[in-house]
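Here's the letter readout for the chains.
There are 2 protein chains.
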Amino acid sequence: MNTDYEKLESNIGYCFKDKDLLINALTHTSYANEHKHKGMKDNERLEFLGDAVLELVSSEYLYKNMKDMPEGKMTKLRASLVCEPTLAMDAREIDLEDFIYLGKGEDETGGRKRDSIVSDAFEALIGAIFLDGGIEEAKYFILKFALNDIEKKKLFYDSKTVLQERVNSVKNGNLVYEIIKEWGPDHNKTYEAAAKLNGKIIGKGQGHTKKAAEQQAAFDALKTLDKRN
Amino acid sequence: MNTDYEKLESNIGYCFKDKDLLINALTHTSYANEHKHKGMKDNERLEFLGDAVLELVSSEYLYKNMKDMPEGKMTKLRASLVCEPTLAMDAREIDLEDFIYLGKGEDETGGRKRDSIVSDAFEALIGAIFLDGGIEEAKYFILKFALNDIEKKKLFYDSKTVLQERVNSVKNGNLVYEIIKEWGPDHNKTYEAAAKLNGKIIGKGQGHTKKAAEQQAAFDALKTLDKRN
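One line per chain: the protein sequences are A and B, in this order. If you want the working numbering, it's the 1-based position in the first sequence plus 65. If you want the working numbering, it's the 1-based position in the second sequence plus 65.
The following block holds chain A by itself, in its conformation from the complex:
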């Protein structure tokens, strides 16, 4: 665990007036439970708030920048930007996982790699910036770290659907996913999935759930296909 907050503040481009808010955002419930006697609070209330800040900022962004997009498509696009795997990806861009206060057990069983824990801390961080610096600072952070690379995130979110559509449109191929490897203890398994077109591997991906590994494999296949075309 890294407690060099100045490093984190430099990563995110925001300096907290109230450092307690930052620490609160980084405190997973497993750590708070182990340190209750010190009055540690977990980050769940801040996550509740940050989730709503993120929802508004992304909705306003889409409303103003996608002027002709119907509501249904905006809802889907927003989901691709604020879903757990995407937010975990955003969080890893700023090395947030290194700074999370985790309980011993949670840390030893790979909690620092879990999308849910990392994405929750990311939302809590948004909540903390909102409280510390107001909506404009939160907006600036969200635009920079969550509403970037929208096309890539959209493709990632939809990758299994998009890959299936591509396969259908080119030839009548048979696309299947297979878990080709898995390792680690039961509570912290990693899966490797392969996307296979007519028996040939066209993409591989890893994840902590089978679904995440398959999504990654589809995304990998799409990137490979795009490079070829």
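Hints are computed from structural coordinates only; laboratory data are not their basis. This one's a predicted model, so the numbers in the text were calculated from it and none came from an experiment. Among the hints, erroneous ones may be present.
[Claimed, not checked] Here are the simulated DSBU-like cross-link-like pairs (lysine-lysine), alpha carbons at most 30 Å apart as the crow flies:
no.: 1; chain 1: A; residue 1: Lys219; chain 2: B; residue 2: Lys106
no.: 2; chain 1: B; residue 1: Lys246; chain 2: B; residue 2: Lys178
no.: 3; chain 1: B; residue 1: Lys101; chain 2: A; residue 2: Lys129
no.: 4; chain 1: A; residue 1: Lys82; chain 2: B; residue 2: Lys132
no.: 5; chain 1: B; residue 1: Lys129; chain 2: A; residue 2: Lys84
[Said to hold, decoys possible] FRET-style restraints, in silico, Cβ to Cβ:
no.: 6; chain 1: A; residue 1: Cys148; chain 2: B; residue 2: Lys254; range: 46 to 54 Å
no.: 7; chain 1: A; residue 1: Asp163; chain 2: B; residue 2: Lys103; range: 50 to 58 Å
no.: 8; chain 1: B; residue 1: Met131; chain 2: A; residue 2: Lys103; range: 19 to 27 Å
no.: 9; chain 1: B; residue 1: Glu149; chain 2: A; residue 2: Arg293; range: 43 to 51 Å
no.: 10; chain 1: B; residue 1: Lys276; chain 2: A; residue 2: Ser234; range: 51 to 59 Å
Even for Gly, the Cβ is constructed at its ideal location relative to N, Cα and C.
Starting from the structure of chain A, add chain B where the hints point.
Just chain B now, with coordinates in the frame of chain A:
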């Protein structure tokens, strides 16, 4: 349909700089479809935005005013404030249903009474105020018309659960709900439900779905019980 916007603006205590935004918020998709040639847009995109504004303002309110409430309870309380029947109730406080542009068919089949249509217009109105006057104006409106009477709304939302708990705690009574009347054409039915304790009616309620009528009946029973005690 009432097109006296000044009356509506007086009801809501906000005067639009851009009246087109107000009209957009009031335009149900059924009306927009009938008047496509005039370039009418429906209110779905504004509803998408308004929903997010409401989510943030209510989350911030709960975060700041319920300092010791755990995240799970805040999530439930927020749901009771922003759920469809509650928002429809809020909308009716400002007579919003009278001002909604509805398609002919929708209007004739009772659309103006439907919770979904009325609550969607309420969210779209929030989105319009946000775009027209900024977050502070939207916050003022939401605090006044959506975050009022919180205890009553919470009780309404939970009424079936709360009534069951009361019944369990007082005596081993048998609480059941019965639909005792229904009327109107298939596409616009109204149901009347009774909450019965050991065969005796203790509350009645009406609604456009059986579930809504039962919730109203439970709420009615709770109010009666409270008056007695």
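How the hints compare with the structure:
no.	hint	result
1	A/Lys219 <-> B/Lys106	26 Å, holds
2	B/Lys246 <-> B/Lys178	18 Å, holds
3	B/Lys101 <-> A/Lys129	22 Å, holds
4	A/Lys82 <-> B/Lys132	20 Å, holds
5	B/Lys129 <-> A/Lys84	18 Å, holds
6	A/Cys148 <-> B/Lys254: 46 to 54 Å	38 Å, violated
7	A/Asp163 <-> B/Lys103: 50 to 58 Å	57 Å, holds
8	B/Met131 <-> A/Lys103: 19 to 27 Å	23 Å, holds
9	B/Glu149 <-> A/Arg293: 43 to 51 Å	48 Å, holds
10	B/Lys276 <-> A/Ser234: 51 to 59 Å	43 Å, violated
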